[in-house]
Amino acid sequence: MDTVTELNKSATKAPSTRRKKKLVLVGNPNVGKSVIFNLLTGTYVTVSNYPGTTVEVARGTGKIGQEVYEVIDTPGMYSLFPITEEERVTRTLLLTEKPELVLHVVDAKNLERMLPLTLQLLEAGLPVILAVNMMDEAEAIGRTIDLDALAKALKIPVVGTAAAENRGIEQLKGMVSDYVRKHVA
Amino acid sequence: MKCSFCGYEFNETNTAGCKSCPLQANCGKIKCPHCGFEMPQENLLWKWFRRRRRGAGAGRRHGQRKKVYTDALPLSQLEAGKEAVVCYIDTGNKSTLNKIMALGILPGVRVTMIQKFPTFVFQVGNTRVTADEQLVNTIMVQKD
Amino acid sequence: MSGSMSPDSQLIQYDETIEKALNNIAKLLKARYNFSKRMIALLLLQEDDEITKMAKIREADFPQIFSIIQQTKSKYKDPLRYVITLQCRQRSDQILAGVITDSKKETQLQSWLDQISINPFTGIPILLLVLYFGLYKFVGQFGAGTLVDLIEGNLFENYINPWVNQVTAKLIPWPSIQTLIAFDYGIITLGLRYAVAIILPIVATFFLAFSLLEDSGYLPRLALLVDRLFKKIGLNGRAVIPITLGFGCDTMATLVSRTLETKRERVIATLLLALAIPCSAQLGVIMALLSANPASLGIWAGFVIMIFLLVGYLAAQLMPGEKPAFYMEMPPLRLPKLSNILEKTLSRVQWYFLEIIPFFILASVLIWIGKITGLFDAIINGAAPLMYALGLPSEAAEVFLFGFFRRDYGAAGLYDLQDSLTGVQLVVAAATLTLFVPCIAQFAIMVKERGWKTGLAIACFVFVIAFLCGIILNLLLTSLGVTL
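Chains as they are written, first to last, in numbering that gives the first Met the number 0: chain Y, 0 to 184; chain A, 0 to 143; chain P, 0 to 483.
Keep in mind that the hints were calculated from the coordinates and are not lab data.
Be aware that one or more of the hints could be misleading.
[Unchecked claim] Pair ranges (Cβ atoms, derived): (1) P:Lys336 to A:Glu82: 50 to 60 Å; (2) P:Val446 to Y:Lys151: 37 to 47 Å; (3) P:Tyr75 to A:Gln141: 19 to 29 Å; (4) P:Gln70 to A:Ser94: 20 to 30 Å; (5) Y:Thr45 to P:Val446: 27 to 37 Å; (6) P:Leu170 to Y:Lys20: 47 to 57 Å; (7) A:Gln141 to Y:Lys151: 47 to 57 Å.
Glycine included, each C-beta is placed from N, C-alpha and C at the ideal position.
Can you make the complete structure from the sequences, with help from the hints?
Following this line, the structure appears as structure tokens:
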């Protein structure tokens with residue numbers, strides 16, 4: 000994969016060409032990203048290797064609010080500083096695809112370990128919404144999370160979900176629509 | 000131990016600095032993996048003496064920016080079922096260090112050893128991790 | 000890009016030295032990036048290869064940026080990546096301090112099933128049970144036995160082949176074209192029959208079992224149990240994924256072996272996959288052949304495992320290079336969702352089929368050309384002494400020749416030949432065929448992934464070792480007077 004030339008190419012591409020709005024899901028492995036991806040997209044999903052790699056990237060379309068989005072599920076990523084090919088692919092994707100929205104999915108049980116990536120995504124200037132997933136499992140081990148306080152501290156929308164039980168998904172969709180209406184002209 | 004030249008703290012078993020040396024071990028010296036300064040290996044009797052003294056004088060040591068860990072041990076020596084706090088990580092090997100950080104293991108994090116054979120299994124926060132001796136040895140912990 | 004952060008309200012305030020460096024670098028960055036300049040500066044400070052390469056091309060002031068990085072680096076005894084990660088984590092913990100409340104002091108994540116799956120005393124028996132039921136019972140007996148009999152023996156032998164033969168004979172007047180499509184070596188009667196009737200059920204059952212293991216979270220446990228053993232053969236626990244996948248399809252596994260960390264591991268894994276890991280199709284046919292006699296199966300399995308370990312051990316001793324550390328996150332065991340498993344199996348089977356059908360058709364055509372031109376007979380005659388050394392009849396050369404086109408193709412040819420062979424001959428042929436060169440597809444991937452030199456060297460090595468081992472096994476069995 001020659002990321003450098005690819006990045007150079009994308010930098011010269013005019014951003015004004017009309018296309019579907021892009022929503023990219025990022026997060027560690029095993030946080031339920033694919034479940035959320037399946038809930039956001041319909042049946043038209045294509046899974047293909049990222050050009051020049053064996054890393055699989057799933058793309059689908061889904062209607063959220065009034066808008067149809069291209070939803071992209073990325074391979075697991077621990078930080079914006081990649082050490083595996085999967086992470087490199089995800090970062091290249093973030094650098095080249097110009098998503099309207101990045102949905103960072105984290106595991107509520109391991110929020111301490113995963114929030115640093117949210118901070119990195121924000122420092123990179125990406126439009127981030129945080130989905131704190133697996134809230135049910137966190138509750139089961141006696142953990143409560145003050146999502147409002149978190150949203151206030153980060154100054155971004157934060158939503159609690161339990162995707163495996165389809166909890167919080169409607170709220171998540173609402174936040175996506177609100178965010179895109181407010182921030183993407 | 001702490002390098003007497005640059006103050007870098009490292010694991011005595013870390014021989015990263017000795018890779019190119021034909022004498023390898025048994026030269027009676029320890030090379031700091033950070034600055035390359037060579038120190039004589041510590042005499043066991045002196046080590047025992049120093050440890051006692053440090054224990055007695057521990058109360059007086061404050062106002063220091065960098066904490067000194069007198070009883071830090073590599074995570075590999077933590078008994079199964081015991082809990083400890085990570086106090087520092089041997090930053091000598093970059094690829095190992097990157098892996099450790101990806102797992103969210105950083106100073107201040109609590110770890111619990113679950114199993115030590117055939118491979119180490121331990122818990123960090125609410126995640127369980129399996130790793131080999133090479134990796135586990137670079138994580139220094141302190142029991143509380 | 001609609002950055003919601005204004006530059007004066009930094010989310011993370013690093014220490015003074017780093018902040019100063021970040022500001023200075025950000026000021027020097029002139030090109031457009033999709034990330035903020037602050038993040039590009041952060042990545043440059045942490046010496047990220049890709050971003051550094053990109054900045055080197057795009058930034059006129061790169062020498063100045065480089066000197067800022069070097070200066071900042073020299074002020075810390077730890078790598079900047081560590082320092083920055085630590086400060087980011089501290090900020091994150093600070094944010095979370097008022098956000099998370101844990102009511103229970105102790106969290107028990109481990110269920111009893113979890114516990115026994117990683118304890119070596121219970122874990123290894125469980126591992127063997129998983130292999131026995133998953134690989135032997137389900138793939139070997141159900142997939143390669145029951146299903147193959149049903150589709151191959153019933154559907155093709157009784158209905159499709161006779162019908163195709165009849166129709167071809169009626170419609171096409173030229174016998175040479177007739178044999179391209181039908182009869183013993185035709186595209187439909189041989190190529191498609193092998194693909195659909197023998198390979199499909201075996202591969203589908205294997206991938207079903209593999210997806211089940213994958214989704215239940217068992218693979219990391221498998222990795223930790225074999226890590227010590229795999230270190231002896233120059234790999235580490237992480238390599239269980241390509242190696243296990245190799246039992247499904249070595250071609251796919253060779254592709255996946257690129258996820259291994261070092262070149263040394265990738266070469267060793269490629270070698271072992273090419274030599275000693277039979278793919279599911281081959282495994283299925285071999286099991287169907289040998290399972291009638293458990294002793295034959297035992298000798299075959301023991302011999303191949305021995306070669307696997309021996310060659311791996313020697314490769315580990317001889318190959319230079321770094322030995323990377325093993326680590327893996329271990330998700331809790333969970334009941335997999337049926338829909339996810341079916342979806343994964345389906346996409347893998349589909350991938351496999353798109354990949355192999357052209358090869359099967361191509362192989363049929365090549366065999367047809369070989370037959371017509373007499374090239375085939377020449378090779379088979381030429382290989383007769385080699386077959387003789389293995390104690391096999393000269394017809395077996397045909398099976399090995401098929402093996403060139405696809406390993407499973409060869410094994411399936413052996414299936415057709417089984418009635419005329421003795422037990423010992425069958426074991427020797429099966430073992431040699433298992434070790435024998437990879438199929439065309441795997442060879443192509445080997446060359447593509449590892450380069451011409453390494454790929455060819457591995458193929459030649461495997462060729463020599465396979466026949467050498469076959470000859471030794473034959474000598475051993477016949478001189479010991481083993482009858483099977």
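So, going through the hints one by one against the coordinates:
The hint said 50 to 60 Å for the Cβ distance between lysine 336 of chain P and glutamate 82 of chain A, and at roughly 34 Å that hint is violated. The beta-carbon spacing between valine 446 of chain P and lysine 151 of chain Y, approximately 57 Å, falls outside the hinted interval of 37 to 47 Å. Judged by the Cβ atoms, the range 19 to 29 Å given for tyrosine 75 of chain P and glutamine 141 of chain A holds: they are separated by roughly 23 Å. Between glutamine 70 of chain P and serine 94 of chain A the beta carbon distance is about 25 Å. The supplied range of 20 to 30 Å therefore holds.
Against the hinted window of 27 to 37 Å, the Cβ-Cβ separation of threonine 45 of chain Y and valine 446 of chain P comes to about 29 Å, which satisfies the hint. Distance hint for leucine 170 of chain P and lysine 20 of chain Y: a CB-CB separation of about 56 Å, consistent with the stated range 47 to 57 Å. Distance hint check: the CB atoms of glutamine 141 of chain A and lysine 151 of chain Y are about 35 Å apart, inconsistent with the given range 47 to 57 Å.
The structure fails to meet hints 1, 2 and 7 from the earlier list, while all remaining hints are met.
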